[in-house]
Amino acid sequence: MEKVIEINGLKKAFGKTQALSDVSFDVTEGEIVGFIGPNGAGKSTTIRILLGLIKADAGEARIFGKDVWKDAVDIHKRVAYVPGDVNLWPNLTGGEVIDLFLSMRGQKVDKQRKEELIRHFEFDPIKKCRSYSKGNRQKVALIAAFAADADLYIFDEPTAGLDPLQERVFQEQARQAQKRGASVLLSSHILSEVEQLCDTVAIIRQGEIVEAGSLDELRHLTRTQIILRTEEDALELEKQAFAHDVVREKGEIIFQLDSEKMPEFLSYIEPFKVTKLESAPPKLEDLFMRHYESTRGGV
Amino acid sequence: MAQAFAQTGRLFRFSLKKDWLKIFLWLLGAAFFVFVGVFAFVEVYGDPAEREAMAYAMQNPAMEALFGRAVGEDNYTIGAMYTHMMSIMTFVLLAIMSILLVVRNTRSEEEDGILELIQAQPTGRVAHTTAAILLLVTTNILVLIISAGVLLAFGDSSMTVEGALLTGTIYAGAGIFFGAVTLVTAQLSSNARGAMMLAFGVLGIS
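The listed protein sequences correspond, in order, to chains U and R. Under the working numbering, think of the first position of the first sequence as 1, with each following residue one higher. Under the working numbering, think of the first position of the second sequence as 300, with each following residue one higher.
Do not take every clue at face value.
[Unchecked claim] Listed below are the simulated SDA-like cross-link pairs for lysine to any residue, each with C-alpha atoms no more than 20 Å apart in a straight line: (1) U:Lys250 with U:Ser214; (2) U:Lys127 with R:Leu320; (3) U:Lys128 with R:Lys316; (4) U:Lys16 with R:Ser489; (5) R:Lys317 with U:Ile126; (6) R:Lys317 with U:Pro90; (7) R:Lys316 with U:Ile126; (8) U:Lys134 with R:Asp411; (9) U:Lys55 with R:Ile413; (10) U:Lys55 with U:Asp71; (11) U:Lys128 with R:Ile413; (12) U:Lys55 with R:Ala303; (13) U:Lys55 with R:Ile417; (14) U:Lys128 with R:Ile417; (15) U:Lys128 with R:Gln302; (16) U:Lys77 with U:Lys127; (17) R:Lys316 with U:Lys16; (18) R:Lys317 with U:Thr93; (19) U:Lys77 with R:Arg309; (20) U:Lys276 with U:Arg229; (21) U:Lys55 with R:Gln302.
Honestly, the hints are just simulated from the structure, not real lab data.
Starting from the given sequences, assemble the full structure and let the hints guide the process.
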């Protein structure tokens with residue numbers, strides 16, 4: 001598969017603030033990649049560099065094999081971008097703005113597709129932008145992006161301001177784009193969204209990619225939450241190496257299990273006559289929290 | 300280099316589309332301002348003796364400081380008088396128009412994140428600013444045509460075609476100059492308000 005985005009050792013400083021210290025990851029063709037990290041970690045800065053809005057101090061970033069700074073105009077013909085906070089000209093209608101954005105791409109506008117998207121997002125294109133709420137302004141950018149039939153979609157926290165129903169419409173459209181063969185880079189700090197949509201994630205923290213890979217791969221690093229009820233009390237559980245954060249509550253034991261230690265745990269717990277066993281799959285949240293905590297721990 | 304200007308034309312047409320009402324009202328205002336000036340001068344100073352008295356008053360240092368050294372005092376026609384006395388006020392008016400126009404089309408859009416959206420489209424890096432400059436120049440050329448037209452239509456015989464065109468050109472030049480100053484302050488200041496204040500500051504000093 002071809003690489004759509006290649007980023008290698010990207011660095012950027014704003015004055016004394018080092019916004020990006022070492023960012024490297026790839027997006028492969030036909031992939032939806034989640035780009036997650038806490039606020040101020042460098043997500044938007046990375047995206048701005050990718051869009052050629054600002055110039056990186058060091059490192060290399062390529063889209064479709066072209067340099068993001070020098071060939072920005074060429075690249076943008078095949079890229080659609082939606083920022084997290086969309087502002088528009090107050091005295092134009094939403095429909096006019098959508099048409100402007102589409103016309104700048106130099107392609108023929110697929111009217112039917114535009115109408116369809118407007119219907120899906122339940123958007124009113126004849127009102128002036130002044131009267132739109134944040135969510136509605138967001139829809140203008142989303143509709144213009146999805147109607148554009150791009151090869152790469154870059155979303156920077158696109159669903160901020162959308163209600164849950166519209167969020168689902170967004171996810172559906174992103175999946176359809178993927179089916180057409182397009183790639184998607186989705187920056188977010190809403191983990192459930194990334195979890196539902198993405199196959200691969202890159203986690204950024206303080207301007208550095210701390211983890212990148214497929215979701216399944218990353219889950220191996222995490223722990224599974226187990227809720228357990230036994231007939232005979234498993235008093236020794238706390239002493240086992242695979243169990244963490246053991247809590248006893250109303251006759252139930254709740255703890256974190258190292259995911260790869262599942263067989264050991266099962267053979268250990270068997271003699272205690274298990275009456276209830278629930279296991280929750282590791283959430284991206286846990287993954288995220290671990291990385292987040294490690295900053296404070298100084299790891 | 301051609302890439303840097305890609306889509307300038309489309310952006311320019313678009314900025315015309317979104318701003319035409321504001322520009323139209325400003326031009327109407329400017330035309331009215333010129334018209335009232337000319338009309339009042341013809342009305343009040345119709346008598347050559349009155350003009351002579353005024354020419355004499357203009358030699359007063361205070362008046363000179365305010366309006367600049369008078370030209371053609373020995374033959375102080377309405378045309379000379381108008382250009383002399385009204386220029387400074389028209390400059391200020393057009394400078395304000397140009398400053399607002401440039402800030403609205405550059406710094407404010409950058410601040411609102413609109414610029415980001417536009418630059419993410421296949422547009423050149425300087426296309427947006429170039430479109431704003433084109434808009435500024437177009438508007439001021441319209442000022443030139445309109446003010447020269449008004450002067451010719453309503454002024455008296457002392458206002459020649461050359462004189463009217465010259466006056467219009469000076470007006471347009473003032474507008475473009477302050478627009479250009481604003482382009483610079485827009486880069487210096489961290490927000491639109493600051494850019495506007497800086498530009499007005501320059502206007503105040505001059």
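Each hint tested on the structure:
1. Straight-line distance between C-alpha atoms of Lys250 of chain U and Ser214 of chain U comes to about 38 Å, which puts the hinted pair past the 20 Å bound.
2. With a C-alpha separation of about 18 Å, the suggested pairing of Lys127 of chain U with Leu320 of chain R holds against the 20 Å cut-off.
3. Among the hinted pairs, Lys128 of chain U with Lys316 of chain R is consistent with the structure: their alpha-carbon atoms are about 14 Å apart, no more than 20 Å.
4. Restraint check for Lys16 of chain U and Ser489 of chain R: the C-alpha separation of about 17 Å stays at or below 20 Å, so the hint holds.
5. Pair hint Lys317 of chain R plus Ile126 of chain U holds up; C-alpha atoms about 15 Å apart against a cutoff of 20 Å.
6. Restraint check for Lys317 of chain R and Pro90 of chain U: satisfied, since their Cα atoms lie roughly 9 Å apart, inside the 20 Å limit.
7. The straight-line distance between the Cα atoms of Lys316 of chain R and Ile126 of chain U is roughly 16 Å, inside the 20 Å bound, and the hint therefore holds.
8. A C-alpha spacing of about 13 Å is found between Lys134 of chain U and Asp411 of chain R, which places the hinted pair at or below 20 Å, so the restraint holds.
9. Taking the CA atoms of Lys55 of chain U and Ile413 of chain R, the gap is about 19 Å. The hint holds against a cut of 20 Å.
10. In summary, the hint linking Lys55 of chain U to Asp71 of chain U is supported, as the alpha carbons are separated by about 12 Å, within the 20 Å threshold.
11. For a cut-off of 20 Å, the pair hint linking Lys128 of chain U to Ile413 of chain R stands: about 16 Å separates their Cα positions.
12. Note on Lys55 of chain U and Ala303 of chain R: the hinted pairing holds, with a Cα-Cα distance of about 15 Å set against a maximum of 20 Å.
13. For the given pair, Lys55 of chain U sits about 17 Å from Ile417 of chain R by alpha-carbon distance, which is consistent with the 20 Å threshold.
14. Between Lys128 of chain U and Ile417 of chain R the alpha-carbon distance is near 19 Å, which keeps this suggested pair within the 20 Å criterion.
15. The suggested pairing of Lys128 of chain U with Gln302 of chain R is violated, with an alpha-carbon distance near 32 Å, which exceeds 20 Å.
16. A distance of roughly 28 Å separates the Cα atoms of Lys77 of chain U and Lys127 of chain U; the hinted pair therefore is violated under the 20 Å criterion.
17. For the hint pairing Lys316 of chain R with Lys16 of chain U, the CA-to-CA distance comes to about 42 Å; that exceeds 20 Å, so the pair is violated.
18. Of the pairs offered as hints, the one joining Lys317 of chain R and Thr93 of chain U holds, with about 10 Å between alpha carbons and a cut-off of 20 Å not exceeded.
19. As the CA atoms of Lys77 of chain U and Arg309 of chain R are separated by approximately 15 Å, the hinted pair is consistent with the 20 Å bound.
20. Of the pairs offered as hints, the one joining Lys276 of chain U and Arg229 of chain U holds, with about 5 Å between alpha carbons and a cut-off of 20 Å not exceeded.
21. Between Lys55 of chain U and Gln302 of chain R the CA atoms are separated by roughly 17 Å; this keeps the pair inside 20 Å, and the hint holds.
Comparing the model with each earlier hint shows violations of hints 1, 15, 16 and 17; every other hint is respected.
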